[in-house]
Amino acid sequence: MSSALQRSIEAGAVTITAEVMPPRGADPVHSLTMAQGLKGFVHAINVTDGSRAVMRMSSLALCRLLLDEGLEPILQLACRDRNRIALQSDLLGAHALGIRNLLCLTGDPVRVGDQPEARPVHDYESVKLLHQVAAFNRAEDPVSGLLPDGATALFAGAAADPNCKSLSGLRRRLERKKEAGARFLQTQMVMKPAVLEHFCNEVANPLGLPVLAGVFLLKSARNASFINRVVPGACIPESLVVRLEQASDPMAEGIAIAAEQVRSYLSLTQGVHLMAVKAEERIPEILDQAGISLVPM
1 MSSALQRSIE AGAVTITAEV MPPRGADPVH SLTMAQGLKG FVHAINVTDG SRAVMRMSSL
61 ALCRLLLDEG LEPILQLACR DRNRIALQSD LLGAHALGIR NLLCLTGDPV RVGDQPEARP
121 VHDYESVKLL HQVAAFNRAE DPVSGLLPDG ATALFAGAAA DPNCKSLSGL RRRLERKKEA
181 GARFLQTQMV MKPAVLEHFC NEVANPLGLP VLAGVFLLKS ARNASFINRV VPGACIPESL
241 VVRLEQASDP MAEGIAIAAE QVRSYLSLTQ GVHLMAVKAE ERIPEILDQA GISLVPM
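Take 1 as the starting number for the sequence shown in my numbering and just add one per residue.
Hints are computed from structural coordinates only; laboratory data are not their basis. Every residue gets a Cβ at the ideal spot worked out from N, C-alpha and C, and that includes glycine. Among the hints, a few may not be true.
[As the list claims (entries may be wrong)] The following label-pair restraints were derived from C-beta to C-beta distances: (1) Ser58 to Pro109: 19 to 27 Å; (2) Val143 to Pro120: 21 to 29 Å; (3) Gln115 to Ser144: 34 to 42 Å; (4) Cys235 to Gly12: 26 to 34 Å; (5) His198 to Ala86: 32 to 40 Å; (6) Arg24 to Arg119: 17 to 25 Å; (7) Ser239 to Asp288: 18 to 26 Å; (8) Asp27 to Ile85: 28 to 36 Å; (9) Leu147 to Asn205: 30 to 38 Å; (10) Pro120 to Lys278: 25 to 33 Å; (11) Ile85 to Asn201: 38 to 46 Å.
[Stated by the list, open to error] Straight-line C-alpha distance at most 27 Å; calculated BS3-like pairs for lysine-lysine: (12) Lys128 to Lys165; (13) Lys192 to Lys165; (14) Lys192 to Lys278; (15) Lys278 to Lys39; (16) Lys128 to Lys178; (17) Lys178 to Lys192; (18) Lys165 to Lys178.
With the hints as constraints, model all of the structure from the sequences given.
Below you can see the structure in the form of structure tokens.
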């Protein structure tokens with residue numbers, strides 16, 4: 001049976017996803033609590049994989065725990081820390097555990113993380129990983145012949161950054177991702193509707209790739225300035241920073257901004273992907289303000 005995410009995307013329905021981070025430790029309770037608060041509000045929940053090159057619990061493990069809680073996960077799988085054998089093993093293991101949704105990523109550079117002396121692997125990158133997913137879905141063994149127990153049924157997506165300076169380069173990259181088997185796109189945070197509209201009209205729509213636009217909850221002017229400084233590709237407009245700075249309740253203002261973006265972006269894309277780092281409990285409030293009804297999981 002296909003996943004709720006796949007059914008929603010393939011039906012052309014409004015699709016909502018959100019993101020949780022695994023804990024920096026061995027206790028998953030907090031992450032699971034944050035994810036439980038999203039039940040009924042989103043179709044599926046991304047679990048990040050070593051985001052910003054920082055150590056956290058295995059994404060694969062937390063995805064399985066989400067399934068145990070009746071929540072549908074999207075396994076983010078980054079190529080930075082694993083060679084092809086490890087990635088192939090994780091794909092087969094994910095399928096065996098009941099995980100069907102994937103976001104195939106190259107991975108943030110090690111130098112931006114808290115262990116810059118670590119050695120990156122990059123045996124594969126996102127396009128090659130998508131090719132591997134497609135091969136397993138055809139029951140192909142990576143060495144020879146066919147997988148003895150049949151094909152997998154993995155539903156793979158890819159990441160995109162509408163803020164990319166080179167739209168032609170981005171288009172070529174996404175063409176390769178689609179050819180490799182990407183079935184949907186989740187974007188990095190987008191702060192300007194015009195940027196998203198241009199990306200959709202010039203890149204995503206001609207490729208026929210459904211887009212879930214990234215909406216990021218800004219908690220304060222200081223938070224926005226920090227993101228602009230340290231997150232590659234982030235470009236939060238000064239007008240939003242000033243708006244947060246002048247607000248009597250910056251968090252409430254950030255929620256209002258995110259809700260405005262959700263409403264605006266849903267006129268341009270099939271769905272949205274909500275990111276609220278360390279404030280995931282605010283995502284239902286964003287969706288409520290945006291007028292988004294509960295969704296089945």
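Legend entry - In rising order, the numbers of the hints this structure does not comply with: none
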